[in-house]
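Enquirer: Residue numbers (numbering that gives the first Met the number 0), protein chains in the order written: chain A, 0 to 324; chain B, 0 to 447.
Rather than coming from a laboratory, the hints here were simulated on the basis of the structure.
Honestly, I wouldn't trust all of these hints.
Stated by the list, open to error - Here are the simulated lysine-lysine pairs, DSSO-like style, with alpha carbons at most 30 Å apart:
hint	chain 1	residue 1	chain 2	residue 2
1	B	K446	A	K18
2	A	K68	B	K234
3	B	K234	A	K320
4	B	K357	B	K15
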Amino acid sequence: MDKLLVSPSPHIHSKVSTKSLMRDVVFALVPAAVVSVVFYGLGELLVLGVSILSCLLLEYLITRFLLNKDCTLGDWSAVVTGLLLALNLPSATPWWVVFVGAVVAIGVAKMTFGGLGQNVFNPALVGRVFLLVSFPTYMTDWRIPTGLFGADAASGATPLGVIKKGLLEGGQLSDLTAQYEWKDLLFANLGGSAGEISSIALLIGFGYLLLRKVVRPHITLSIWATVAVVSLIFSLAAPDKFTGPAFNLLTGGLILGSCFMATDYVTSPMSIKGGIIFGIGIGFITMMIRYFGSYPEGMSFAILIMNATVPLLNNWFHQKKYGRA
Amino acid sequence: MGGVHPADNKISRDCKIEVLPIPETVYIHLGQHIGAPAKPVVAVGDKVKAGQLIAEPGGFVSAAIHSSVSGTVKSIAPRKDLAGNPQMCVEIAVEGDEWLEGIDTTDTVIREFPDDPAVCLDKIKAAGVVGLGGATFPTAVKLTPPPGKKCEMLIINGCECEPYLTSDFRTLLEKGEQVVIGAAIIKSILKVDKATIAIEDNKPEAIDHIQKVLAELRKVSPKYDGISVMSLMKKYPEGGEKQLIDAVMHRQVASGGLPIDVGAVVQNVATALAVYDAVQKNKPIVDNSVTVTGECFPRQANLLVRVGTPLKFIIDYLGGVPQDTAKIISGGPMMGRAIANLEAATLKGTSALLFLTKAQTARGKESNCIRCGKCAEACPMGLEPFLLNRLSRAGGMLDQLEANAVQDCIECGCCLYSCPANIPLLDVIRQSKGQVLGIIKARAAAKK
């Protein structure tokens with residue numbers, strides 16, 4: 000003992016840090032990443048690698064040379080962004096397109112606002128949507144899974160894409176959905192972005208986050224409930240035009256978005272009430288885009304639109320204070 | 000609502016309360032309670048006995064102070080307290096251990112107590128009993144509800160929700176009967192039908208023991224009817240007065256209000272014991288149990304310490320300060336105060352000495368708020384520390400801070416404990432709270 004430390008209480012800390020939280024999110028995404036590599040093969044590995052490394056490199060360069068700040072790579076948030084971006088892209092995306100996505104995600108959506116904690120929009124989603132509108136050909140080049148060392152995969156549209164196109168061409172909804180089986184929707188085996196293909200792997204990761212108390216379930220549950228209710232109403236009203244709850248909950252980016260993107264701390268409301276409204280908004284906008292929009296999938300847009308309402312929701316909804324009405 | 004679950008670390012829980020030898024000199028503070036400091040009634044050179052009054056209450060909200068030893072008054076002068084600030088102290092050189100006549104120092108338990116509440120209250124006042132749960136508010140004042148307010152429930156706080164602390168737990172196990180008798184006395188003073196002894200469920204032995212004690216006492220006298228034990232879920236800060244009232248009675252004390260507004264009076268286990276000593280034994284507060292603990296500390300202990308014992312004497316008795324100690328805390332790790340001066344002496348309300356290493360107590364480097372909301376989730380008052388922090392640091396936002404209830408903060412430390420970005424939330428909030436309370440006081444004064 001040299002000299003006694005004198006500082007105000009509390010004198011202990013939970014040891015939960017930004018780093019430990021972000022690392023938990025990375026761990027939670029590992030099952031989905033592994034499944035996607037197993038299904039889509041080495042092309043997917045390249046997308047994952049390029050995305051994560053580009054995000055790390057860009058954050059390093061920007062903090063070091065543009066902002067002259069301490070290096071923030073140690074908080075693992077750039078890894079999270081890289082992983083999420085990669086899981087949102089088709090496995091055949093060329094490496095340079097992935098890199099452009101990382102530039103937009105880290106450079107534009109995250110660092111221009113001041114880095115982690117300051118951004119309004121989810122960086123990985125901004126990157127993805129930028130690529131979607133800039134490189135629509137690459138971004139809709141979905142492949143049928145062929146396994147890790149399988150031959151070059153054939154292109155295959157996503158279930159949501161097939162339905163949208165089929166309905167526009169006057170097809171019967173019952174014929175269009177008949178080709179999709181339950182177990183395929185749950186366990187992958189469909190055309191889609193890497194992170195969309197295995198609901199089970201994503202749900203295992205989400206369960207881990209809940210167990211570790213990294214996230215709370217209210218946002219995710221309110222998205223699911225809204226999607227279920229909206230699609231139930233529409234599919235009952237016009238069964239030949241609108242897909243039902245099970246199909247809508249298990250397809251597209253719904254699981255990935257509701258479990259990992261909408262629950263992003265920085266871009267979701269702080270209060271439980273605000274989070275529930277936020278989730279309802281995402282669920283509703285997603286369904287409106289799926290049913291009536293020109294894109295087959297609307298999860299990314301829905302989350303980004305609701306991201307913009309977060310400051311307002313934080314202003315409107317506060318948690319109940321002890322002893323106050 | 001809110002709360003956190005730090006590791007219990009009650010490593011001294013199996014250590015029986017042992018009596019610490021009397022030091023050569025004690026230093027008894029004149030201001031060791033909330034309210035006006037006591038006024039000395041002895042002079043330098045006077046001979047005093049243990050239990051003898053040495054300072055009388057300095058106002059309505061104040062408490063009497065007694066000599067904890069027999070000996071000679073050496074000085075009445077300012078002396079540095081544990082934070083290093085000078086406080087008026089009576090220094091007494093110890094000679095033998097002679098007690099004032101009329102004080103019963105035996106262990107005989109006396110179960111029958113006076114029927115007249117006024118008699119009991121006078122004895123509590125004379126004995127200088129203060130709340131030993133942390134606030135050291137004069138107990139006689141708390142047991143005299145303002146006119147028009149009626150107590151519906153007495154809650155004896157046995158939560159001891161701070162990690163490491165075990166003195167209340169040991170008291171419940173070893174002096175449980177005295178605690179219950181003390182509770183019955185308080186209940187009779189308040190003329191209330193119901194009393195609950197609230198204990199967290201991480202202390203099942205204490206819950207069992209008190210239940211047995213109650214069953215025995217009910218056979219002795221109907222005065223022990225209406226007292227029950229309640230097991231509460233372990234959570235910090237469940238033993239906070241407001242949180243405890245909510246947990247036991249499902250009522251919330253309004254902001255700025257008092258527990259009695261919702262019909263509650265809360266007294267700590269150690270206070271109930273002090274009430275027993277005062278009424279049944281004529282014994283003022285001259286000693287109290289202190290947990291001495293920490294992973295790095297050589298010998299864990301629960302000690303019965305005479306008020307005014309120098310901290311260094313206690314620590315040396317147990318083997319001295321370990322090399323790797325970074326911080327010594329008076330009280331628990333969540334709300335206790337860091338000690339700057341080991342020459343300082345114990346007070347009536349000293350509940351623990353906790354030794355922490357650098358690894359245990361180091362704060363991480365502050366980084367950006369990631370808006371995870373963990374601070375708001377942890378706040379037992381339902382406040383939003385992230386928002387209060389932002390408003391405080393923006394400067395000049397005192398009206399906004401008041402609107403967001405910064406003055407309701409109980410300084411439990413849950414926000415800072417949970418913040419993954421290591422933002423010094425409570426440090427910042429404390430400052431603003433002080434400023435806002437100043438404004439509220441000034442406004443109240445202007446109205447008068």
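Enquirer: If a hint holds in the structure, say so; if it doesn't, say that too.
Expert: Against the structure, the hints come out as follows:
The suggested pairing of K446 of chain B with K18 of chain A is violated, with an alpha-carbon distance near 51 Å, which exceeds 30 Å. Proximity of K68 of chain A to K234 of chain B is assessed by CA-CA distance (about 39 Å); at most 30 Å being required, the pair is judged violated. Proximity of K234 of chain B to K320 of chain A is assessed by CA-CA distance (about 18 Å); at most 30 Å being required, the pair is judged to hold. At roughly 29 Å between alpha-carbon atoms, K357 of chain B and K15 of chain B fall within 30 Å of each other, so this suggested pair holds.
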